[in-house]
Amino acid sequence: MGFAIDWSGALTGQPRIWLLCGLAVTLAITLVAGAIATVLAVILTALRLSPVAPVRGATRALVSLVRNTPLLIQLMVWYFVGFGLLPMGVKAWMTGDHPWAVLPGNVSVCAPEFAASAWGVGLFIGVFLSEELRAGLNAVAPGQREAAASQGLGAWDTLTAILLPQALRNAYQPVVGQYLNLMKLTSITCSIGLAEITYQARHIESFNSHAFEAFAAGTLLYLALGLVLERILTTGRQA
Amino acid sequence: MATPPVIEFRDVHKSFGALEVIRGITLGIDRGSVVVVCGPSGSGKSTLIRMVNRLETPTRGEILVDGVSSTHAGAEALRRLRTGVGFVFQQFNLYPHMSARQNVTLALRKVLGQTQAEADAVADEVLDQVGLADKASSLPGQLSGGQQQRVAIARALATRPDLLLFDEPTSALDPEMIGEVLSVIRQLSHHGITLVVVTHEMGFARTVADRILFLDQGRIEEDAPPEAFFEAARSPRARQFLSQILSPLHTAGD
Numbered sequence: 001m002g003f004a005i006d007w008s009g010a011l012t013g014q015p016r017i018w019l020l021c022g023l024a025v026t027l028a029i030t031l032v033a034g035a036i037a038t039v040l041a042v043i044l045t046a047l048r049l050s051p052v053a054p055v056r057g058a059t060r061a062l063v064s065l066v067r068n069t070p071l072l073i074q075l076m077v078w079y080f081v082g083f084g085l086l087p088m089g090v091k092a093w094m095t096g097d098h099p100w101a102v103l104p105g106n107v108s109v110c111a112p113e114f115a116a117s118a119w120g121v122g123l124f125i126g127v128f129l130s131e132e133l134r135a136g137l138n139a140v141a142p143g144q145r146e147a148a149a150s151q152g153l154g155a156w157d158t159l160t161a162i163l164l165p166q167a168l169r170n171a172y173q174p175v176v177g178q179y180l181n182l183m184k185l186t187s188i189t190c191s192i193g194l195a196e197i198t199y200q201a202r203h204i205e206s207f208n209s210h211a212f213e214a215f216a217a218g219t220l221l222y223l224a225l226g227l228v229l230e231r232i233l234t235t236g237r238q239a
Numbered sequence: 001m002a003t004p005p006v007i008e009f010r011d012v013h014k015s016f017g018a019l020e021v022i023r024g025i026t027l028g029i030d031r032g033s034v035v036v037v038c039g040p041s042g043s044g045k046s047t048l049i050r051m052v053n054r055l056e057t058p059t060r061g062e063i064l065v066d067g068v069s070s071t072h073a074g075a076e077a078l079r080r081l082r083t084g085v086g087f088v089f090q091q092f093n094l095y096p097h098m099s100a101r102q103n104v105t106l107a108l109r110k111v112l113g114q115t116q117a118e119a120d121a122v123a124d125e126v127l128d129q130v131g132l133a134d135k136a137s138s139l140p141g142q143l144s145g146g147q148q149q150r151v152a153i154a155r156a157l158a159t160r161p162d163l164l165l166f167d168e169p170t171s172a173l174d175p176e177m178i179g180e181v182l183s184v185i186r187q188l189s190h191h192g193i194t195l196v197v198v199t200h201e202m203g204f205a206r207t208v209a210d211r212i213l214f215l216d217q218g219r220i221e222e223d224a225p226p227e228a229f230f231e232a233a234r235s236p237r238a239r240q241f242l243s244q245i246l247s248p249l250h251t252a253g254d
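Quick note, the sequences are listed as chains A and B, same order. With the numbering used here applied, the first sequence covers 1 to 239. With the numbering used here applied, the second sequence covers 1 to 254.
Think of the hints as simulated: they come from the structure by calculation, not from any bench. Zero decoy hints are in this set.
These stretches of chain A come out as covered by chain B in the derived footprint (C-beta under 8 Å, 3 or more residues):
1. 136-146
2. 163-174
A short list of chain A residues far from chain B (calculated; beta carbon distances all over 10 Å):
3. 14
4. 54
5. 94
6. 104
7. 222
Every residue, glycine too, gets a C-beta built ideally from N, C-alpha and C.
Throw the hints in and build the complete structure from the sequences for me.
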């Protein structure tokens, strides 16, 4: 028996539905983890600039820890340990029925798989984003802080209205790169059972052995998502 | 002695590491006066005015602004004090990602809590005052150096301060733009605001200042009205400085 390609094994019937469900979940996890990463990046950047030395030190330690350990391990920790440490009531609520929270493929955004994935990927990329922003901040002219101080602006207003917008402009391309990384890294969340694109491709492989077709289709879905995301993030910006 | 001085230096010292840049200055500046601070590079002129709103903190002594110690003010009191003191920088330090109008309105909204409409009305007024009403929507990068500095002056004026500090406002400008900035400052001198201007523009000092302070090595070497300073400076250092800076071979800047 030779190797023959049969796209119908991945693109028709139930496998096609699985892949489309996976696409919806990948899209959802990318959006939620992206929001978490953005908020954490701003908070971490603010903490890195804190006048209190122990706060800066603790933040630096957290950044080192997250940056220098594998995302796969971190996801396992959040899923198996982090979820287990939550109060009983919260755990019961997350695993309960929430019709409003159900994505295609019967994936609940309240479920521990989705929550641990969103938090894990969000924190991981949030840390990298905060490092990009810090590099961008270092390139902001020192006179900007002085101008803000001379006008009586407080630390938070100075950071959010004056420093971060300029830092973001300085570090724009690396920041876009981190958001694209975030989208691609969501593929690892299949390891804790989140039914996104990669999970569904493996599912098809075990269902009908059309591994090549299933993973090729999955790859093209990531590529399409990446191209769209890149286009959205760089619209109106010179390359 | 009728009214208390708007700025009062009390035996102020400032060191950067081992380098002592201000060596004991005691001084009062009267409300509504126009004071020019001059002196050779490294004499401590910029440090002197940067300590008034605590962009630098004195190592010893203290500075009172309207009777309030800026040196020992807490965070809230310092913010309040700073809104009453406009500061204009040598390098303009406009916010490059904001239009001229937004540069002016930012502190009005964030610090004084004005609405966008209130702040915009103030912005139009102060931009008009510096002759840039038509540039309100321009980004700093689209303006000439002289225009940028005038926007910076408008920004400093927005909170209606009693006191404006200028740190070499024309030193970063091309020569043909110095005049427009000096004429804006000159016009402010008629409005009763206290102006303290660090500058090398001796023509400006002669015609606009009420009082000239000459600094050398962190001390005030001369403190005189302009006629007395230019015609009869007492200290040899001041006479030497004047002969250098007024010579036709002297070029702008330093």
